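S.K.: Residue strings, one per chain:
There are 2 protein chains.
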Amino acid sequence: MAGTNSERQLLAEGPAIILVEPQMGENIGMVARAMANFGLAELRLVNPRDGWPNEKALATASKADHVIEETKVYDTLEQAVADLNFVYATTARERDGYKPVRSPVIAAETLRARFRAGEGTGILFGRERWGLTNEEVALADEIVTFPVNPAFASLNIAQAVLLMSYEWMKSGMEDLGAVPFQAMGQTPSTKEQLFGLFDQLEEALDARGYFHPAGKKPKMVDNLRAVLSRRAFTEQEISVLRGVISSLDRFSRKSPRGGRFPTAAKETPPDDSADA
Amino acid sequence: MAGTNSERQLLAEGPAIILVEPQMGENIGMVARAMANFGLAELRLVNPRDGWPNEKALATASKADHVIEETKVYDTLEQAVADLNFVYATTARERDGYKPVRSPVIAAETLRARFRAGEGTGILFGRERWGLTNEEVALADEIVTFPVNPAFASLNIAQAVLLMSYEWMKSGMEDLGAVPFQAMGQTPSTKEQLFGLFDQLEEALDARGYFHPAGKKPKMVDNLRAVLSRRAFTEQEISVLRGVISSLDRFSRKSPRGGRFPTAAKETPPDDSADA
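Line by line, the protein sequences are chains A and B. Following full-length UniProt numbering, the numbering of the first sequence begins with 1 at its first residue and continues without gaps. Following full-length UniProt numbering, the numbering of the second sequence begins with 1 at its first residue and continues without gaps.
Derived from the structure by calculation, the hints contain no laboratory data. Small disclaimer: the values here were computed from a predicted structure and weren't measured. Heads up, the beta-carbon is just placed ideally off N, CA and C, and yes, glycines get one too. Certain hints may be false.
[To be verified] In the DSSO-like style, the derived pairs of lysine-lysine whose C-alpha atoms are separated by at most 27 angstroms in a straight line are: (1) A/K170 <-> A/K191; (2) A/K191 <-> A/K216; (3) A/K63 <-> B/K56; (4) B/K72 <-> A/K56.
[Stated by the list, open to error] From the derived model, a few chain A residues whose C-beta atoms are all more than 12 angstroms from chain B: (5) D75; (6) R114; (7) N149; (8) P150; (9) L155; (10) A158; (11) M169; (12) A183; (13) V221; (14) L224; (15) S246.
Extracted from the complex, chain A is given alone in its bound form (with noise of 0.2 angstroms):
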């Protein structure tokens, strides 16, 4: 989906995501997008299959070049999480073992309270076809597992590392309501505008017989009113209600009852204005 605007401020901060012995390059170069949509930029390889730089990765990078280009390649694990101070492991099976498992909201939340104080934080992923080993899961301080579908729960690497990135930008929000942009302003009708549409409304079918017999009346209008005040509709809208039932009370039908669209409603377009 198109949104992107080069000229907003480019997000690059948060836990390093550290994949070990990653196979696929395009998976490096998803992996590497999906951080750059949600804000994480350091990218960390441990030992990974096909060298690097790698050309099917920078393909499927899809322009987040400022992830690509500052990767870091590492022998191994260990050397990679050296300068960091909080490593989660992600895993989707059950380990033995004490490490507290946490779900990838407490996870984002505690990565981010840390980077806040200060910390080097990192999340590791396994290789796609087997995730990661106990030994080194046994390197991080704690698990984060993903809550899918038990009948159905591999997640590929590029999605795992796009939910941790995910959960990482909203933890960092403080209302998980709030949306980037917003509806139009719409302010609703006053009440004497509405009462306006209940009197036109109620001329026009008083004048056509429609309130029979003339005891139900009452209930009659009770019903109708409670219609159209159930959503508040804005002066806008109250008018071009006005200007349908206009239409619909002083125009006759210019041609035989037809199909859904009457070629004489384009001839005569009814008065779509308000007529107070």
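Using the hints provided, position chain B relative to the given structure of chain A.
M.R.: Below, chain B without anything else, positioned relative to chain A:
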């Protein structure tokens, strides 16, 4: 990452995912996989460029067969949403309009509440290159957009579906900290066991003149105890620590000071059992 357990319950319910004029079969397959990961199953395609079924979609669906097999194809978006009660449109860029704009968290909670109330719900995703038209957005009830890096906002269609599917799964969880498996249970040691460790260590250090000058001993003991009690060691961990102290205390170095792993240590392994 591995972890699928085919004997576990297959989640397959929730909003329909509706792709409008998807172009690449690979993307459709990755969408199906992302849906299956997080328990969604109903995929609808509006006028897919390369027809349906699609070999490339099957290849990238990674065994999300139950999603691919039930995928339905429609000629128009109007037909694809006809039976639904509430529909979100996803968009990355701001639209002129009055539709409420929601974050993924709020949108997923809304969808979950409506799903529980028996409503038919759906989420629209646009074409790979340019998303949904304004006319298509107009067919939805509300808009959902993602909290992305402003300067690098382009999510691909499979990523966008993954994030909404993930938030759908989370919206059904009572506790966002919940994880599918836990660390092995750990009971902290009793205080008596901890005090035994203090006594053993302090005695061994005292025998070597560690507490010097004598006037500083109380403060030095305080510091030592603070280090050893900051984390609640388990009984087993206390046992390991006491074994280490025993080894250092009782045995003299068998070889001249050498590398990090003197060979002598292998010939005479230290006693690793507790020595109370």
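S.K.: Against this structure, judge whether each hint is valid.
M.R.: For each hint, the structure was consulted:
1. A/K170 <-> A/K191: violated, 40 angstroms
2. A/K191 <-> A/K216: The hint holds at about 25 angstroms.
3. A/K63 <-> B/K56: holds, 25 angstroms
4. B/K72 <-> A/K56: violated, 34 angstroms
5. D75: Given that every Cβ of chain B is farther than 12 angstroms from that of A/D75, nearest at about 18 angstroms, it holds.
6. R114: With a cut-off of 12 angstroms, A/R114 remains clear of chain B, as the shortest Cβ separation is near 17 angstroms.
7. N149: violated, 4 angstroms
8. P150: violated, 4 angstroms
9. L155: violated, 6 angstroms
10. A158: violated, 8 angstroms
11. M169: violated, 5 angstroms
12. A183: With a cut-off of 12 angstroms, A/A183 comes too close to chain B, as the shortest Cβ separation is near 5 angstroms.
13. V221: For A/V221, whose nearest Cβ neighbour in chain B is about 29 angstroms away, the distance exceeds 12 angstroms, so it holds.
14. L224: Fine: 24 angstroms to the nearest Cβ keeps A/L224 off the interface.
15. S246: Correct as stated: the minimum Cβ-Cβ distance to chain B is 23 angstroms, above 12 angstroms.
This entry does not satisfy hints 1, 4, 7, 8, 9, 10, 11, 12, going by the numbered hints stated previously.
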